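Peer 1: Letter by letter, the chains look like this.
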Amino acid sequence: EAGVTQFPSHSVIEKGQTVTLRCDPISGHDNLYWYRRVMGKEIKFLLHFVKESKQDESGMPNNRFLAERTGGTYSTLKVQPAELEDSGVYFCASSQLGQISGNTIYFGEGSWLTVV
Amino acid sequence: RKEVEQDPGPFNVPEGATVAFNCTYSNSASQSFFWYRQDCRKEPKLLMSVYSSGNEDGRFTAQLNRASQYISLLIRDSKLSDSATYLCVVTPGFQKLVFGTGTRLLVSP
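Chains as they are written, first to last, in the working numbering: chain X, 1 to 116; chain Z, 1 to 109.
Chain X with its partners taken away, still in its complex shape (with noise of 0.2 Å):
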């Protein structure tokens, strides 16, 4: 069974640019979060979908960002216009319906940004 896949694994892009990274869920699971670690600090909580449906955008951290999940697949994480504190890693993870517990939630292998 695939895991979740993320793309692209590594993008580079100049600062006032967009990028939009994807993420593709396993197959089945309504849950899908988006996270992100920039230098020197913690793994920190973006938002949570329950299909296709905002469930917590509260770690979002300003309107350059936009997730979106059509249909409730995959998701697109865009960043427009990407600024120099936006490196960093971003991971996508997904988990089935239910209370949440950590051997229940899959990570992707993240999605490694440089704005240069």
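It is worth saying that the hints were derived from the structure and are not from the lab. Keep in mind that this is a model prediction, so the values were computed, not measured. For every residue, glycine included, the Cβ atom is placed at its ideal position computed from N, Cα and C. Do not rely on the hints blindly, as some may be mistaken.
DEER-style ranges, computed between Cβ atoms [claimed, not checked]: (1) N63(X) / G93(Z): 45 to 53 Å; (2) G3(X) / L80(Z): 25 to 33 Å; (3) K15(X) / G54(Z): 42 to 50 Å; (4) G28(X) / L74(Z): 30 to 38 Å.
Based on these hints, arrange chain Z on the given structure of chain X.
Peer 2: Okay, now just chain Z, sitting in the frame of chain X:
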């Protein structure tokens, strides 16, 4: 104040050593507790859940003290392959994980 605090390390230990990591959390309503392991430039992976009664998985022992809001991880007989960053993670009762910054462990021959 961070929600989950960890000593960033690094902890440098020889093979075979015993090493302990600690973590404190600020939200007393936190419901679930975990240790994750993260290798360099990889995703975090669950190492073990943590229970108040304490739990053991091979060389790894985890302990939770709810009164002190304190979580620990003990690694016995360290292996080279244990070198990684260990992340303390709690769930505040919502559908999200709250991570500490991680403690880096380096096990040398």
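Peer 1: Taking the Cβ atom of N63(X) and the Cβ atom of G93(Z), is their distance within the range 45 to 53 Å?
Peer 2: violated (28 Å)
Peer 1: Holds or violated: the 42 to 50 Å window for the beta-carbon distance between K15(X) and G54(Z)?
Peer 2: Holds: the Cβ-Cβ distance is about 49 Å, inside 42 to 50 Å.
Peer 1: Just to be sure I understand the hint, the distance between the Cβ atoms of G28(X) and L74(Z) should be within 30 to 38 Å; is that true here?
Peer 2: For L74(Z) against G28(X), whose Cβ atoms are near 37 Å apart, the range 30 to 38 Å holds.
Peer 1: Is it true that G3(X) and L80(Z) lie within 25 to 33 Å of each other by Cβ?
Peer 2: Check passed, 26 Å falls within 25 to 33 Å.
Checked against the numbered hints given earlier, the structure breaks only hint 1 and satisfies all the rest.
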